[in-house]
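Novice: Hey, can you work out the whole structure from these sequences and the hints?
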Amino acid sequence: MTDIQRRELDVIVIGAGGAGLRAAIEASAQGAKVGLICKSLLGKAHTVMAEGGAAAALANVRSEDNWRVHFRDTMRGGKMHNNWRMAQILAQEAPDRIIELESWGALFDRTEDGRINQRPFGGHTYARLAHVGDRTGLEMIRVLQDKGVHSGIEVFMECTVISIPTVGGGAAGALAYWRENGRFIFFSSKAVVLATGGIGKAWKITSNSWEYTGDGHALAYEAGAELIDMEFVQFHPTGMVWPPSVRGILVTEGVRGEGGVLRNSEGKRFMFDNVPDMFKGDYAESEAEADRWVTGDRVNNRRPPELLTRDVVARAILAEVQAGRGSPHGGAFLDISTKQSAEYIKKKLPSMYHQFKELAGVDITREAMEVGPTTHYVMGGVKVDAETQESTVPGLFAAGEVAGGMHGANRLGGNSLSDLLVFGRRAGAGAADFAKKNGAAPRVPDAEIEANIAEALAPFDREKGENPFEVQAALQEVMQNEAGIIREEATLKRALAGLEKLKQRAAKVGVTGNREYNPGWNTAIDLKSLLIVSEVVARSGLERTESRGAHSRLDHQASDPKQERMEIAIKKEGSEMQVVRRRQPDLPPDLKKIIEEGA
Amino acid sequence: MAQRSIGIFRGTREEWRIREFLVEVDQGMVVLDVVHRIQATQAPDLACRWNCKAGKCGSCSAEINGHPRLMCMTRMSDYPEDHPITITPMRAFPVIKDLVTNVSRGYEINQRLPFFQPREPDFPDGSWRMYQYEVERAQEFRKCIECFLCQNVCHVLRTHDKHQEFIGPAFLVRAAVYEMHPLDTADRSAYLRQEGGIGYCNITKCCTEVCPESIHITDNAIIPLKERVADRYYDPLRMLWRFFAGGK
Numbered sequence: 003m004t005d006i007q008r009r010e011l012d013v014i015v016i017g018a019g020g021a022g023l024r025a026a027i028e029a030s031a032q033g034a035k036v037g038l039i040c041k042s043l044l045g046k047a048h049t050v051m052a053e054g055g056a057a058a059a060l061a062n063v064r065s066e067d068n069w070r071v072h073f074r075d076t077m078r079g080g081k082m083h084n085n086w087r088m089a090q091i092l093a094q095e096a097p098d099r100i101i102e103l104e105s106w107g108a109l110f111d112r113t114e115d116g117r118i119n120q121r122p123f124g125g126h127t128y129a130r131l132a133h134v135g136d137r138t139g140l141e142m143i144r145v146l147q148d149k150g151v152h153s154g155i156e157v158f159m160e161c162t163v164i165s166i167p168t169v170g171g172g173a174a175g176a177l178a179y180w181r182e183n184g185r186f187i188f189f190s191s192k193a194v195v196l197a198t199g200g201i202g203k204a205w206k207i208t209s210n211s212w213e214y215t216g217d218g219h220a221l222a223y224e225a226g227a228e229l230i231d232m233e234f235v236q237f238h239p240t241g242m243v244w245p246p247s248v249r250g251i252l253v254t255e256g257v258r259g260e261g262g263v264l265r266n267s268e269g270k271r272f273m274f275d276n277v278p279d280m281f282k283g284d285y286a287e288s289e290a291e292a293d294r295w296v297t298g299d300r301v302n303n304r305r306p307p308e309l310l311t312r313d314v315v316a317r318a319i320l321a322e323v324q325a326g327r328g329s330p331h332g333g334a335f336l337d338i339s340t341k342q343s344a345e346y347i348k349k350k351l352p353s354m355y356h357q358f359k360e361l362a363g364v365d366i367t368r369e370a371m372e373v374g375p376t377t378h379y380v381m382g383g384v385k386v387d388a389e390t391q392e393s394t395v396p397g398l399f400a401a402g403e404v405a406g407g408m409h410g411a412n413r414l415g416g417n418s419l420s421d422l423l424v425f426g427r428r429a430g431a432g433a434a435d436f437a438k439k440n441g442a443a444p445r446v447p448d449a450e451i452e453a454n455i456a457e458a459l460a461p462f463d464r465e466k467g468e469n470p471f472e473v474q475a476a477l478q479e480v481m482q483n484e485a486g487i488i489r490e491e492a493t494l495k496r497a498l499a500g501l502e503k504l505k506q507r508a509a510k511v512g513v514t515g516n517r518e519y520n521p522g523w524n525t526a527i528d529l530k531s532l533l534i535v536s537e538v539v540a541r542s543g544l545e546r547t548e549s550r551g552a553h554s555r556l557d558h559q560a561s562d563p564k565q566e567r568m569e570i571a572i573k574k575e576g577s578e579m580q581v582v583r584r585r586q587p588d589l590p591p592d593l594k595k596i597i598e599e600g601a
Numbered sequence: 011m012a013q014r015s016i017g018i019f020r021g022t023r024e025e026w027r028i029r030e031f032l033v034e035v036d037q038g039m040v041v042l043d044v045v046h047r048i049q050a051t052q053a054p055d056l057a058c059r060w061n062c063k064a065g066k067c068g069s070c071s072a073e074i075n076g077h078p079r080l081m082c083m084t085r086m087s088d089y090p091e092d093h094p095i096t097i098t099p100m101r102a103f104p105v106i107k108d109l110v111t112n113v114s115r116g117y118e119i120n121q122r123l124p125f126f127q128p129r130e131p132d133f134p135d136g137s138w139r140m141y142q143y144e145v146e147r148a149q150e151f152r153k154c155i156e157c158f159l160c161q162n163v164c165h166v167l168r169t170h171d172k173h174q175e176f177i178g179p180a181f182l183v184r185a186a187v188y189e190m191h192p193l194d195t196a197d198r199s200a201y202l203r204q205e206g207g208i209g210y211c212n213i214t215k216c217c218t219e220v221c222p223e224s225i226h227i228t229d230n231a232i233i234p235l236k237e238r239v240a241d242r243y244y245d246p247l248r249m250l251w252r253f254f255a256g257g258k
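Protein sequences, first through last, are from chains B and X. Under my numbering, the first residue of the first sequence carries the number 3, and numbering increases by one thereafter. Under my numbering, the first residue of the second sequence carries the number 11, and numbering increases by one thereafter.
Hint data in this document are derived by calculation from the structure and do not stem from the laboratory. Check the hints yourself; a few may be wrong.
[Unchecked claim] Interface residues of chain X toward chain B, partial, derived using beta-carbon atoms under 8 Å:
(1) D36
(2) D43
(3) A57
(4) I106
(5) Q121
(6) F126
(7) P128
(8) Q142
(9) T169
(10) H173
The beta-carbon is built from N, C-alpha and C at its ideal position, and this holds for glycine as well.
Specialist: Have a look at this one:
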């Protein structure tokens, strides 16, 4: 047997963003011996990039708000495709999770009377996002990080998981390697929580970091779990577009929440012409009304149409660019300088001010930003039980972006930070409970571990092989061009054909140097996950012959009532991807009433 | 677009050299883009840390021509084309490989730093009232992205190698978050004085100068903490009281 380290734990959590940390804290609080494994250093996870805030019906700013309104907004924003039970749990539990965070030291911005302040955001009826300027995610991760390290959790940093072996169909631990020295470590555990985030690195223009290669989705798929809703990938409407090296970096929706407007090259606020029927009457119908809302009278005026859901705004910007009314570098103009004072902008949006000043030489307190859609978030993911977050594989749990169902066909801004807290906690509790009820982790045969290690090391035997960075770039090109914001049968089929060729190339990648902190090797390993998730996205997209939420088909532009609440699931059968369509359970009458009659 | 020559530290502290690379540089590129381009085309095993590429995670700290910077927030156009650029790892930390340093000491310190202890909730639902002017003081320190550039330039650590005796500016900022948190009730002065080694700081403000988040580390975090420690241990009346009462 190769020289490998071994550890035995009750629960391992893979990923140390908001969901992973929250899960680890909960499992530890329930008495489990917990290991937290992350690809980067602790505190660097993608959650730090979340800007706008965490949605919770605290009703601190608008007393009319309650969980029913939040639930209704979430379901309508998700185009009724959400797992209703998850949407209900999120809306009901988010306020408690936010107050709990405060008890662990979080310092949210305050209202005049000393309560947690809340900001308006796309698709939310009332100001609902607890926030800290435009660095809410950083605040959350630091609070959870400090709480975590003071809760006796053992952290394994810069450690990449490459497989989750199963015994008798249940998860039995995880095989990983240390990035620092390339040595392998096997974690034997009674339960495994996936909290690995998303898949945005499969596209060329993305707001996501190198870590977002879909590891958790791929690990779950390989372990036999079902992935659902993978056709729903959110393209955030506002990413930076210029200069080229910063293309895709996120511009927070908070800019629009604070009054920022979108204009085309003719100076027209085009969002007024882009209100979908479902939301007619919910948004301001004139610039004057929108302005009155921005300056404070939110009871008698409706919110600006710039605050429509992300899928709608992203498509509208794309349409302006395609009609020849885009900004010089192929985006739209986002302008807050005419709506708020320089002092206010610097106070409420400090990192946006800094980011544009440093990277683009643009002063957002005086001029407009150029923005365009960027790959941001995957609504789809591992199919989980709403109460415990357990996947279809016993002992394997998932929380946060890697889990599917919560956000339906389109996620509302602000709902992911509350998702991390609400379902991170539930996954941690679910895993700890599973560990308690089940004895020692089943033993994984050495031969299986050996085979996984051999596969991971194979690129070293091909020094003259393909360059892994080139294969990754080619994959991003395929997904950007063929499985982007607007897809159709022909492009998705081309994507599948392209991915097939890339699989051959990926099997031939070679790396030079040794195993110590070797980015070439790390990239070669990530290719496996990227290829799996890309294929799942393309296959699911092909299967959904309608447009709904973030999934826009050029050849099926309308939503098809027959496909409402139709779930597309993908699972590994032998070496094939099996695609299943099934109808989701109906909403119970009380929840249906909330949607139909208003909350 | 222009070809530029970039020197990068390769190896470990024991065995290293500056390797020169010729790279195409496009408009708007930051130093991290150039490092990535070198990885993708010339040196796939060149090690560097990065995550967000937007100045929010603090992973890509390094020294560019000897100046501590985040590589993702440093534009190539800041350096004249005929000016050579050399990138080296943060000097005050052990090198793992190339630009990647060992920052694990910081995680040990954070674990030992006395954690937040809130007062009893103000209301039965477990909530508190705090006002914006109260939270702003600690919010400044929460802007810290843990890039450790301040630790890198602190002469107590960099020149005098007091890594075991002094926790450094980044962790004094961390202590300040909780010390100045309106709800906190814990007393960290004993920790700061002994294990924290706060007395080592002689307020040269090098840390403040390099902070990419513009946190007023010395003025707003370290000096008030020093005052708390001084009040607790060196106030003459308290010293007298301790002398007669026999306390510490």
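Novice: Against each hint, give a clear statement of whether it holds in the structure.
Specialist: Status of the hints after comparison with the structure:
1. Because the closest C-beta pair between D36/X and chain B is about 6 Å apart, less than 8 Å, the hint holds.
2. Hint on D43/X holds. Least Cβ distance to chain B is approximately 5 Å, under the 8 Å limit.
3. Taking 8 Å as the C-beta contact cut-off toward chain B, the hint placing A57/X at the interface holds, the least distance being around 4 Å.
4. At a threshold of 8 Å, the smallest CB-CB gap from I106/X to chain B is about 6 Å, leaving the interface hint in force.
5. For Q121/X, the suggested interface contact is upheld, since its CB lies about 5 Å from the closest CB of chain B, less than 8 Å.
6. Residue-level restraint check for F126/X holds (minimum Cβ-Cβ distance to chain B is 4 Å; threshold 8 Å).
7. Because the closest C-beta pair between P128/X and chain B is about 6 Å apart, less than 8 Å, the hint holds.
8. Given hint, Q142/X at the interface with chain B, holds; its Cβ is 4 Å from that chain's nearest Cβ, closer than 8 Å.
9. Interface hint at T169/X: violated, since its Cβ lies 25 Å from the closest Cβ of chain B, which is beyond the 8 Å cut-off.
10. Interface restraint check for H173/X: the shortest CB-CB distance to chain B comes to about 18 Å, outside 8 Å, so the restraint is violated.
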